[in-house]
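Grab the two chains, each in its own frame, and use the hints to assemble them into the complex.
Protein chains in written order, with my numbering: chain G, 15 to 188; chain A, 1174 to 1468.
Keep in mind the hints are simulated off the structure, nothing from the lab.
For each residue, glycine too, the CB sits at the ideal point set by N, CA and C.
There could be a bad hint or two in this list.
Unchecked claim - Taking lysine to aspartate or glutamate pairs in the EDC-like style, the calculated list, with each CA pair at most 16 Å apart, reads:
no., chain 1, residue 1, chain 2, residue 2
1, A, K1455, A, E1414
2, A, K1198, A, E1335
3, A, K1451, A, D1430
4, A, K1272, G, E27
5, G, K41, G, D56
6, A, K1202, A, E1414
7, G, K174, G, E149
8, A, K1202, G, E26
9, G, K174, G, E143
10, A, K1272, G, E150
11, A, K1175, G, E26
12, G, K41, G, E27
Unchecked claim - Label-pair restraints from in silico Cβ distances:
no., chain 1, residue 1, chain 2, residue 2, range
13, G, G95, A, R1318, 29 to 37 Å
14, A, V1319, G, G165, 47 to 55 Å
15, G, P145, A, A1238, 26 to 34 Å
16, G, G106, A, A1238, 53 to 61 Å
17, A, S1410, G, R153, 38 to 46 Å
18, G, Q184, A, E1335, 47 to 55 Å
19, G, S109, A, L1196, 45 to 53 Å
20, G, E143, A, E1335, 36 to 44 Å
21, G, P145, A, R1318, 26 to 34 Å
22, G, C66, A, P1177, 13 to 21 Å
23, A, K1198, G, G95, 47 to 55 Å
24, A, D1434, G, G95, 36 to 44 Å
25, G, E187, A, L1330, 16 to 24 Å
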Amino acid sequence: MQEHNLFPTFSEESLIALTVNGSHYEKLVPARLLLSDFLRHDLRLTGTHVGCEHGVCGCCTVLLNGEAVRACLMLAVQADGMAITTIEGMAGTNSELHPIQQAFLEKHGLQCGFCTPGIIISVHAMLHENPDPTEEEIRHGLSGNLCRCTGYQNIVEAVKLAAERLRAAQKEED
Amino acid sequence: MKPPRFQYCAPRVLDEALALLDLHKDDCKVLAGGQSLIPLLNMRLANPAYVIDINHIAELHYIEAEDGYLAVGATVRQRQVEHALLVQEQHPILREVIKHIGHMQIRNRGTVVGSIAHADPAAELPALLTCLNGEVIIASVQGERVLKAEEFFTGYLSTAIEPGELVTEVRFPWMAPQAGWAFLECARRSGDYALVGVIAVLTPALNDTCMDAHIGYLGIAGQPLRARAVENAIIGSRLDEQVVSRAAEIAANLVTDDMEDVHATVAYRRALTSEYTKRTLKAAWERREQRKGTA
Chain G
15 MQEHNLFPTF SEESLIALTV NGSHYEKLVP ARLLLSDFLR HDLRLTGTHV GCEHGVCGCC
75 TVLLNGEAVR ACLMLAVQAD GMAITTIEGM AGTNSELHPI QQAFLEKHGL QCGFCTPGII
135 ISVHAMLHEN PDPTEEEIRH GLSGNLCRCT GYQNIVEAVK LAAERLRAAQ KEED
Chain A
1174 MKPPRFQYCA PRVLDEALAL LDLHKDDCKV LAGGQSLIPL LNMRLANPAY VIDINHIAEL
1234 HYIEAEDGYL AVGATVRQRQ VEHALLVQEQ HPILREVIKH IGHMQIRNRG TVVGSIAHAD
1294 PAAELPALLT CLNGEVIIAS VQGERVLKAE EFFTGYLSTA IEPGELVTEV RFPWMAPQAG
1354 WAFLECARRS GDYALVGVIA VLTPALNDTC MDAHIGYLGI AGQPLRARAV ENAIIGSRLD
1414 EQVVSRAAEI AANLVTDDME DVHATVAYRR ALTSEYTKRT LKAAWERREQ RKGTA
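Extracted from the complex, chain A is given alone in its bound form (with noise of 0.2 Å):
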């Protein structure tokens, strides 16, 4: 397997980019790490006139605290957000999601930015953004905007990205210093797409019920899925058996009637969705106490 021919070019200016892209549109591509776009030019799944490779530009090289979320831009390599001190300390749902993602030698080549730009239903990063209600910037010759995670993905392997347009930065937003979170996903092999994963991010209020929740789903749809369903199912609660029995009943019915392939009956995926609900949703509850007990 052979890529097909192309055009190449790794312009070191951002401006630069986006000269070029808005030049060739829909002829082009655009390469960062490469670990999702090589495969699909190995295929000759993806047939680019152009290719626009985006590493050299070093202004896109960064991961940065903001206030309300952490930005990473569209250079960095999930091994790099991975073993940020800063990610460690202050984002470790990121680091724990970032962990299941392929391998390691995937991770040192593969973004945090192309996973959310390839969308990939199944894929961590997009579900972890979205249930964070984190944004995506999107820049062009004509300037920036900002999408919210659930405005970007529009569907399966898509996104709001326009021809000419290049996805610069994410933004995962902060958690509360008091919540608990928890991120667990089935997987045949290591290393594998996940069948289904599930992330929480639950907020305790001071009576210590669940005042916030944020719960996010891979693999169950075409698209990353934020749940609110479930999140108000435990809002307001204590996460007694009884109500994350109830939660996972609601999430298992989010499985899209579709999501039957080889790997997996729709059957079978949503009673891994009510099973891993319940574990995740524990976990998360679980790892709150322990930061109320170490405070």
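Pulled out of the complex, with its shape left as it was, chain G reads as follows (with noise of 0.2 Å):
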């Protein structure tokens, strides 16, 4: 290896800088380690779930510099020098909800929750793209995620709520 004392080399873990839901952590991480596990294990944030980590169910559903992604089909290596939200990033400062955590509540959304959290990041992301999706839209929208309880009706329920609420706080706020 000698010569190629100039490349970058092969490690089995390494340190990592990166930001969660506003906070600054750099950590030391095997290679293998899933961003999934990171979240869970690591800095103890279990609200991301994870379902069948392989990318189908999307429970462990993430914002990774702001687009949705499956924590579950990334390393925890890979996300050095990023910034991640979490479910647990979603509510304000006084731990009051979201508007589409609340809107979740009101339209009884969930039912066990194990699907929530990843439903609420991909719907963020969602709305933060689309503002005022058709029903067929939001239906798509949540194609990513699956849930084995509401059926989704209140679901997109709660999606249709939810906008509405973000639209008027952005007209408010303009």
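Below is the structure:
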């Protein structure tokens, strides 16, 4: 390996620095550690749920630099230098619920709650991109998250209510 | 499910990545979007000693309009292509096809080139690249080679990539401006791998017969397919009912006998292939007329 001294080298663990829900962390992590496990085990942010661990169920969805991604399909080392938002980062500082969370509460958009963190995060990304979605667009936007309890009806209702309130809040701001 | 142990490295320069790949050859996996590799690691279906993460190689991040084709570099996310103005305006079928890949959360990470290199016969992009007669650029420490899609895909999840090589770019040829195009697929649930998918790009001549046809399939054989027999059945015609039915019949027979799984029997896949061929050909041909009308 002498001749490759200037090259980056392989290792089984790396030091990463990242921001999660506004807090800065520096941690030494094994290369094989999934971002989902890093969040849950290392940072004790257990709101990010782990369902299928191969990208199908959507329970582990987090925001990575503002985009919704599967935390189980990323290595923690890949999040080096990035900003992550998990479900724990959604509520306000006085722990008042985010308008999306409040809408899910009011419209009964959850039953067992296992899929809810991933859905809230996905809806957040969806409404950021499209503040006024049609019902079809809402259903399409939810298609990357599985819920086995609700039958989705109340989730769709909750998203409609959340979208309405977020639009109203945006108008007030403008 | 946790990935097995491996050594990780994230070079920032292509030459470094190629040197590292050359050093470890067979023991090495390239990580780009990770939407296929990480599940394979999680399920321990892949067990590489070394993982080279190419996401930090800035020189591989580009979408460019070239003479004859759209070039997409190895670290460009599917969603970036989907949203790129250049693609929306000049390569509408690429955008349409990408919208059918997995879900938004997957496309935010998954790369266009990664999907090509993974070579799933039920995936959308390998079928599109094959259908359009696109090219794949493969680099190694020895240099670069360019392969046509049909040379690149060699079988189920198999490609012409040799140990030590990296796919750096794929090239999607432009469609003729007067061409009509369509993509339809049948999937049980939104975002699932399709049972069958059909892509058609039909170019009309001045006398409004079909002068050129590119027709591709996903999910009907062990690798993505360009169906020249179906193309030949419609070239020179005006796509009347009889011609389309005949083309659909030919298409149904392209479904190989081993395409039987828990999701669909061979007979069902043939029925789907026939019906979706008809619908796709009609939709593509109709789009050609719309363009003519607005020109």
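Verification of the hints:
1. In summary, the hint linking K1455 of chain A to E1414 of chain A is supported, as the alpha carbons are separated by about 9 Å, within the 16 Å threshold.
2. Restraint check: the Cα-Cα separation between K1198 of chain A and E1335 of chain A comes to about 9 Å, which is no more than 16 Å; the hinted pair holds.
3. Between K1451 of chain A and D1430 of chain A, the direct Cα distance comes to roughly 22 Å. Violation of the 16 Å bound is thereby established for this hinted pair.
4. Note on K1272 of chain A and E27 of chain G: the hinted pairing is violated, with a Cα-Cα distance of about 36 Å set against a maximum of 16 Å.
5. Pair hint K41 of chain G plus D56 of chain G holds up; C-alpha atoms about 9 Å apart against a cutoff of 16 Å.
6. Taking the CA atoms of K1202 of chain A and E1414 of chain A, the gap is near 49 Å; set against the 16 Å cutoff, the hint is violated.
7. For the suggested pair K174 of chain G and E149 of chain G, the alpha carbons sit about 8 Å apart, so the restraint of at most 16 Å is met.
8. Only pairs whose Cα atoms come within 16 Å are accepted, and K1202 of chain A paired with E26 of chain G is accepted, the gap being roughly 15 Å.
9. For the suggested pair K174 of chain G and E143 of chain G, the alpha carbons sit about 15 Å apart, so the restraint of at most 16 Å is met.
10. Proposed proximity of K1272 of chain A and E150 of chain G is supported: the alpha carbons are some 15 Å apart, at most 16 Å.
11. Straight-line distance between C-alpha atoms of K1175 of chain A and E26 of chain G comes to about 15 Å, which keeps the hinted pair within the 16 Å bound.
12. This hinted pair checks out: K41 of chain G and E27 of chain G have alpha carbons roughly 10 Å apart, not beyond 16 Å.
13. The given range of 29 to 37 Å is respected by G95 of chain G and R1318 of chain A, whose C-beta atoms sit roughly 34 Å from each other.
14. Between V1319 of chain A and G165 of chain G the beta carbon distance is about 51 Å. The supplied range of 47 to 55 Å therefore holds.
15. P145 of chain G and A1238 of chain A have their C-beta atoms about 31 Å apart, which keeps the hinted 26 to 34 Å range intact.
16. Taken as a hint, the range 53 to 61 Å is violated for the pair G106 of chain G and A1238 of chain A, whose Cβ atoms sit roughly 45 Å apart.
17. Remark: the range hint 38 to 46 Å for S1410 of chain A to R153 of chain G is upheld by a beta-carbon distance near 39 Å.
18. About 53 Å separates the C-beta atoms of Q184 of chain G and E1335 of chain A, a value consistent with the hinted range of 47 to 55 Å.
19. Between S109 of chain G and L1196 of chain A, the C-beta spacing of about 52 Å keeps the proposed range 45 to 53 Å intact.
20. About 40 Å separates the C-beta atoms of E143 of chain G and E1335 of chain A, a value consistent with the hinted range of 36 to 44 Å.
21. Judged by the Cβ atoms, the range 26 to 34 Å given for P145 of chain G and R1318 of chain A is violated: they are separated by roughly 47 Å.
22. Remark: the range hint 13 to 21 Å for C66 of chain G to P1177 of chain A is upheld by a beta-carbon distance near 19 Å.
23. For the hinted restraint 47 to 55 Å between K1198 of chain A and G95 of chain G, the CB-CB distance of approximately 30 Å leaves it violated.
24. The beta-carbon spacing between D1434 of chain A and G95 of chain G, approximately 42 Å, falls within the hinted interval of 36 to 44 Å.
25. The beta-carbon spacing between E187 of chain G and L1330 of chain A, approximately 50 Å, falls outside the hinted interval of 16 to 24 Å.
Going through the hint list in order, the structure does not satisfy hints 3, 4, 6, 16, 21, 23 and 25.
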